[in-house]
Amino acid sequence: MTVQHMLPTNWAKSSRSNSTQPDCVEIAQNDEFGRVRDSKNVDGGAITVSRDALAAFVNAVKTAE
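The sequence shown begins at 1 in full-length UniProt numbering and counts up by one.
No wet-lab data here; the hints were simulated from the structure.
Treat the hints with caution; some may be incorrect.
[As the list claims (entries may be wrong)] The calculated lysine to aspartate or glutamate pairs, modelled on EDC-like cross-linking and capped at a C-alpha distance of 16 Å, are:
1. Lys13 to Glu32
2. Lys40 to Glu26
3. Lys13 to Asp43
4. Lys13 to Asp38
5. Lys13 to Asp23
6. Lys62 to Glu32
7. Lys40 to Asp23
Please take these sequences and the hints and turn them into a complete structure.
In structure tokens form, the structure reads like this:
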């Protein structure tokens, strides 16, 4: 099995994404990896990090650090 087969593909758009706030990201995660992509350019690639790194990123954004 390749790493590509282990990457999550269950994308979820930010709850803040709407017509007045179009600059949002989508997140996908599984037990090992987290991925982030631009919701306006879903075919433009994604950043893949460990699940722990994604959790730290999301926490920092939520607390505006």
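Outcome of the hint check:
no., hint, verdict
1, Lys13 to Glu32, "violated, 20 Å"
2, Lys40 to Glu26, "holds, 9 Å"
3, Lys13 to Asp43, "holds, 14 Å"
4, Lys13 to Asp38, "holds, 9 Å"
5, Lys13 to Asp23, "holds, 11 Å"
6, Lys62 to Glu32, "violated, 22 Å"
7, Lys40 to Asp23, "holds, 8 Å"
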